[in-house]
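Keeping their order, the protein sequence lines are chains W and L. Taking my numbering, I'd label the letters of the first sequence as residues 1 to 518. Taking my numbering, I'd label the letters of the second sequence as residues 1 to 374.
Warning: the hint list may mix true and false statements.
[Stated by the list, open to error] With a straight-line cut-off of 27 angstroms between C-alpha atoms, the simulated DSSO-like cross-links for lysine-lysine are: (1) Lys28/W to Lys181/L; (2) Lys419/W to Lys105/L; (3) Lys205/L to Lys135/W; (4) Lys414/W to Lys3/W; (5) Lys292/W to Lys149/W; (6) Lys137/W to Lys205/L; (7) Lys105/L to Lys179/L; (8) Lys337/W to Lys322/W; (9) Lys149/W to Lys105/L; (10) Lys249/L to Lys414/W; (11) Lys3/W to Lys181/L; (12) Lys244/L to Lys414/W; (13) Lys322/W to Lys181/L; (14) Lys249/L to Lys483/W; (15) Lys179/W to Lys137/W; (16) Lys128/L to Lys21/W; (17) Lys135/W to Lys181/L; (18) Lys360/W to Lys222/W; (19) Lys321/W to Lys176/L; (20) Lys205/L to Lys141/W; (21) Lys140/L to Lys322/W; (22) Lys137/W to Lys252/W; (23) Lys360/W to Lys321/W; (24) Lys84/W to Lys273/W; (25) Lys84/W to Lys103/L; (26) Lys149/W to Lys140/L; (27) Lys249/L to Lys222/W; (28) Lys105/L to Lys137/W; (29) Lys249/L to Lys149/W; (30) Lys244/L to Lys321/W; (31) Lys244/L to Lys419/W; (32) Lys249/L to Lys141/W; (33) Lys132/W to Lys205/L; (34) Lys179/L to Lys141/W; (35) Lys181/L to Lys149/W; (36) Lys149/W to Lys128/L; (37) Lys149/W to Lys244/L.
[As the list claims (entries may be wrong)] Among chain L residues calculated to face chain W with C-beta under 7 angstroms, some are: (38) Gln50; (39) Val57; (40) Ala118.
These aren't lab readings, by the way, just hints derived from the structure by calculation. C-beta: ideal position from N, C-alpha, C; glycine also.
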Amino acid sequence: MAKQVITVDPLTRIEGHLRIKVEIENGKVTNAFSSGDMFRGWEIILRERSPLDAPAIAQRICGVCPIPHGIGAVFALDDAFGVKPPANGRIIRNLMLASEFIHSHLLHFYHLAALDFVDITAILKYKGIDPKLNKIKDWVKSDVDAGIKSAGAPFLPRYEGDYIKDDAVNIAAIANYIKALEVRRKAHEMLAIFGGKIPHCQTLFAGGVATQLNLERIISFKSRLAEVKSFIDNVYIPDVIAVASLYPDYFKIGKGVGNFISYGGLPVDDNGKMHYTSGTYIDGNIGDFDQKSIAEFVKYSKYSSGSGLYPSIGETTPDAKKDGAYSWLKAPRYNGKVVEVGPLARAIITYLKGTDSDYKSLIDSALSTLGLQPQDLISVMGRHAARALELSILTDRMDEWVDELDPAAPVHTKFDIPKTSEGMGITEAARGSLGHWISIDNFRIANYQAVVPTTWNGGPRDDAGNMGPYEQALIGAPVADPKNPIEIGRIIRSFDPCLACAVHIVEGDREILKYRVC
Amino acid sequence: MLISRKKFLQVSAGSIAGVALSSLWLPKLLSAAGAKNGKGRLPVIWFQAQACSGCAVSFLDAEYPSVDDVLIEVITLEFNPVVMGAAGDMAMDVIDRMMAEEKGKYIFIVEGSVPMEADGMYCTVGEKDGNPITALEWVKIIAANSMAVVAVGTCAAWGGIPSAPPNPTGAVPVSKIVKDKPIINIPGCPPHPDWMVGTIVNVLKYGIPELDNLNRPVMFYGTDKLIHDNCELRQYFDSGIFAKDFGDKGCLYELGCKGPVAHCDVSTRGWNSGVNWCNRSGGPCIGCTEPFFPGGAGSGLYEKLPAVEVPGLEKININANTVGLALGGVVVAGIGAHAAARMIATKYRQNKEEKNRDKGTPYILKEKEEEEDK
Numbered sequence: 001m002a003k004q005v006i007t008v009d010p011l012t013r014i015e016g017h018l019r020i021k022v023e024i025e026n027g028k029v030t031n032a033f034s035s036g037d038m039f040r041g042w043e044i045i046l047r048e049r050s051p052l053d054a055p056a057i058a059q060r061i062c063g064v065c066p067i068p069h070g071i072g073a074v075f076a077l078d079d080a081f082g083v084k085p086p087a088n089g090r091i092i093r094n095l096m097l098a099s100e101f102i103h104s105h106l107l108h109f110y111h112l113a114a115l116d117f118v119d120i121t122a123i124l125k126y127k128g129i130d131p132k133l134n135k136i137k138d139w140v141k142s143d144v145d146a147g148i149k150s151a152g153a154p155f156l157p158r159y160e161g162d163y164i165k166d167d168a169v170n171i172a173a174i175a176n177y178i179k180a181l182e183v184r185r186k187a188h189e190m191l192a193i194f195g196g197k198i199p200h201c202q203t204l205f206a207g208g209v210a211t212q213l214n215l216e217r218i219i220s221f222k223s224r225l226a227e228v229k230s231f232i233d234n235v236y237i238p239d240v241i242a243v244a245s246l247y248p249d250y251f252k253i254g255k256g257v258g259n260f261i262s263y264g265g266l267p268v269d270d271n272g273k274m275h276y277t278s279g280t281y282i283d284g285n286i287g288d289f290d291q292k293s294i295a296e297f298v299k300y301s302k303y304s305s306g307s308g309l310y311p312s313i314g315e316t317t318p319d320a321k322k323d324g325a326y327s328w329l330k331a332p333r334y335n336g337k338v339v340e341v342g343p344l345a346r347a348i349i350t351y352l353k354g355t356d357s358d359y360k361s362l363i364d365s366a367l368s369t370l371g372l373q374p375q376d377l378i379s380v381m382g383r384h385a386a387r388a389l390e391l392s393i394l395t396d397r398m399d400e401w402v403d404e405l406d407p408a409a410p411v412h413t414k415f416d417i418p419k420t421s422e423g424m425g426i427t428e429a430a431r432g433s434l435g436h437w438i439s440i441d442n443f444r445i446a447n448y449q450a451v452v453p454t455t456w457n458g459g460p461r462d463d464a465g466n467m468g469p470y471e472q473a474l475i476g477a478p479v480a481d482p483k484n485p486i487e488i489g490r491i492i493r494s495f496d497p498c499l500a501c502a503v504h505i506v507e508g509d510r511e512i513l514k515y516r517v518c
Numbered sequence: 001m002l003i004s005r006k007k008f009l010q011v012s013a014g015s016i017a018g019v020a021l022s023s024l025w026l027p028k029l030l031s032a033a034g035a036k037n038g039k040g041r042l043p044v045i046w047f048q049a050q051a052c053s054g055c056a057v058s059f060l061d062a063e064y065p066s067v068d069d070v071l072i073e074v075i076t077l078e079f080n081p082v083v084m085g086a087a088g089d090m091a092m093d094v095i096d097r098m099m100a101e102e103k104g105k106y107i108f109i110v111e112g113s114v115p116m117e118a119d120g121m122y123c124t125v126g127e128k129d130g131n132p133i134t135a136l137e138w139v140k141i142i143a144a145n146s147m148a149v150v151a152v153g154t155c156a157a158w159g160g161i162p163s164a165p166p167n168p169t170g171a172v173p174v175s176k177i178v179k180d181k182p183i184i185n186i187p188g189c190p191p192h193p194d195w196m197v198g199t200i201v202n203v204l205k206y207g208i209p210e211l212d213n214l215n216r217p218v219m220f221y222g223t224d225k226l227i228h229d230n231c232e233l234r235q236y237f238d239s240g241i242f243a244k245d246f247g248d249k250g251c252l253y254e255l256g257c258k259g260p261v262a263h264c265d266v267s268t269r270g271w272n273s274g275v276n277w278c279n280r281s282g283g284p285c286i287g288c289t290e291p292f293f294p295g296g297a298g299s300g301l302y303e304k305l306p307a308v309e310v311p312g313l314e315k316i317n318i319n320a321n322t323v324g325l326a327l328g329g330v331v332v333a334g335i336g337a338h339a340a341a342r343m344i345a346t347k348y349r350q351n352k353e354e355k356n357r358d359k360g361t362p363y364i365l366k367e368k369e370e371e372e373d374k
């Protein structure tokens, strides 16, 4: 059978502009190209600004996941300023970041990924009495009856394919799509209680937070947390398990590279103990993470700079029309290895390192429910499961952290901006490992850089021609109907792409002395 | 017909008492709109250029009405890359069909700035016949076939952060590209969901709402919506109590609050179902709805607004009482404070522009300067 080329551009229901091109032979993907389609130059814009601006500007890299960027920036500033936040400041930052994990994971599963599995046309068969579901049914039906072409927009049209056939499951999923809109809005309310507003909060600063802490805020947060947690444990996890059990083949599809790293994140005490374990799982071996092992390659990226070099050595400039380049993303590698980051990486590393017995037993219980082995987690459904399960553990811990807040204690430690300094801020974001690096000269930002989860996962080939994690996950995947390549969306969306974050540039004419990475 | 100013102020006053404004008037407008099928709803194409999706995510946070009610009753969201079912060519075909069959009938929402450099190749949004289509090209074509354009967010309205100096990609606001269609700007980083939903409902029910000289709906960004005039921390300002460090109680002026020069109604409306808003949280207003946001290189979001200079006097602190004294020896907190706010606003813009001439000017201000020069 002849080779067929399919391009999905834009790949929707993600954040940002992503283009996926695959070659198919005998119904299977044999070659794949992942391209980031947009460039803004955030780090260049940050230069010469006051370092204080970094958290607010960096958050605006991404409107789906601003808080991790704010956290990366304040960690980098804490490091550069030599300031340590008080316990309240550390805890409030964690609670805000964790609230965003909730918003982000719920949005991803219900509103971005689920439509690849759930048959929303099943609503037409609804016979129950739920007013909201009947309203949706009437909406679709009246438009269909009136011959309106955009009936069911924006959910229709869609690729045709092997959607869930059980009407009851589909209708429950539609009801939970609506419910999840409300629950993720509540996660945003939790975030705003401490952050002022969201997307893009107001209160992240070096030395802690600006949040006015009082009992009313603590109670209001805790009560929403209980409501949201109930949804996660009683609805989200069962929904993921239900979809997963209907698509057992997706525990074999989209396995990808199988190497993982996690920077670790969410400090739970003042001595550097982290909620998320840092580590690596490469070529079947568990190890410790060392940020000095990161380098970015640009042979296939639209930059005319040197490749595989640390940015401080060469100059990096955008080149929109570079020959052979197909992405605005760079190709980061760990010791030269292709690695995946994200909830699945956190699950694998935590599980194998044995650093969180609660999380390990939750994973074991999910695996036994589904009749699977730990290695089956490395798959499309494994990524969905890891996201859901980590939220259950995280929300348990949040409930403990919020009790540690002391309304009478300070939230912020005073600092002076140094004339010259450098700082590094690394954390785990909803989508995986995130690092921000800053250098300060003459009280201004001299250089700024961010290496983000989607650059790790969605980047193109490196100079040696090794495909990035998205690309590797597509190889071998079945595509039943090239006109309706639903499988491609399922595989790529399992990574929760966030392209606005992923596209970055590092201008190398100012040397970063200490952190020669990315 | 627009909602009368008197009626609006009545409702606004209600909102200060802790009732979300939208819950008072949007459902009423919704039922007035009363559309049950595709014919009564407003077709919408929501397009992302150099966006972060923050505006789209904020839109999802709409509470009354909820976003699902908006989708069912107010608009037909034909295209939105964050939520739509279709992808690839199937998604592109939706836009082609809209331009052919709904020409002049749909609202074109743009999120994000548009890059002009490198022939627009810094942002491509899809593919036609194997060739990438740039955001620049598409914004022009889709706008040309639309009824009106709504620029959501500060990037689409003013250029925002991507256009801040040195503007690496030549990012511009939608108004730079689209010249022959009505444009409504809904700035904010991101805009409040009520501003987006409220504007759309207004278009559906009454037509384009009253706009100010920057094409912002007056009902959300009018001169009576100056943050400083409606700030719950105003009492601290009037009493001269200023927070000196983040987390302190007091007016946030010393920490760089841009409330005296920023227009929008979050100080009374509240963010995220009203649980909080910028200054209430302790994090100073950064002026994200204004064309000067985020300022040029060399400026700072938390730089203290310049002190008011009065002829014949030394620089004095911004304090209603001292301004009152300086102006005529009369200590009148209320009037004095308003006058001070206006003076600060004027002075701030002047200083900002002077500074920007040295350090590079945000796109929108440069444009304004050029117009003034003419």
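Going through the hints against the structure:
| no. | hint | in the structure |
| --- | --- | --- |
| 1 | Lys28/W to Lys181/L | violated (47 angstroms) |
| 2 | Lys419/W to Lys105/L | violated (57 angstroms) |
| 3 | Lys205/L to Lys135/W | holds (22 angstroms) |
| 4 | Lys414/W to Lys3/W | violated (63 angstroms) |
| 5 | Lys292/W to Lys149/W | violated (55 angstroms) |
| 6 | Lys137/W to Lys205/L | holds (25 angstroms) |
| 7 | Lys105/L to Lys179/L | holds (18 angstroms) |
| 8 | Lys337/W to Lys322/W | holds (25 angstroms) |
| 9 | Lys149/W to Lys105/L | holds (15 angstroms) |
| 10 | Lys249/L to Lys414/W | holds (15 angstroms) |
| 11 | Lys3/W to Lys181/L | violated (46 angstroms) |
| 12 | Lys244/L to Lys414/W | holds (10 angstroms) |
| 13 | Lys322/W to Lys181/L | violated (36 angstroms) |
| 14 | Lys249/L to Lys483/W | violated (61 angstroms) |
| 15 | Lys179/W to Lys137/W | holds (16 angstroms) |
| 16 | Lys128/L to Lys21/W | holds (14 angstroms) |
| 17 | Lys135/W to Lys181/L | violated (35 angstroms) |
| 18 | Lys360/W to Lys222/W | holds (26 angstroms) |
| 19 | Lys321/W to Lys176/L | holds (25 angstroms) |
| 20 | Lys205/L to Lys141/W | holds (24 angstroms) |
| 21 | Lys140/L to Lys322/W | holds (26 angstroms) |
| 22 | Lys137/W to Lys252/W | violated (35 angstroms) |
| 23 | Lys360/W to Lys321/W | violated (48 angstroms) |
| 24 | Lys84/W to Lys273/W | holds (15 angstroms) |
| 25 | Lys84/W to Lys103/L | violated (58 angstroms) |
| 26 | Lys149/W to Lys140/L | holds (25 angstroms) |
| 27 | Lys249/L to Lys222/W | holds (24 angstroms) |
| 28 | Lys105/L to Lys137/W | holds (26 angstroms) |
| 29 | Lys249/L to Lys149/W | violated (56 angstroms) |
| 30 | Lys244/L to Lys321/W | violated (50 angstroms) |
| 31 | Lys244/L to Lys419/W | holds (21 angstroms) |
| 32 | Lys249/L to Lys141/W | violated (55 angstroms) |
| 33 | Lys132/W to Lys205/L | holds (24 angstroms) |
| 34 | Lys179/L to Lys141/W | violated (39 angstroms) |
| 35 | Lys181/L to Lys149/W | holds (26 angstroms) |
| 36 | Lys149/W to Lys128/L | holds (22 angstroms) |
| 37 | Lys149/W to Lys244/L | violated (59 angstroms) |
| 38 | Gln50 | holds (5 angstroms) |
| 39 | Val57 | holds (5 angstroms) |
| 40 | Ala118 | holds (4 angstroms) |
Checked against the numbered hints above, the structure breaks hints 1, 2, 4, 5, 11, 13, 14, 17, 22, 23, 25, 29, 30, 32, 34, 37 and satisfies the rest.
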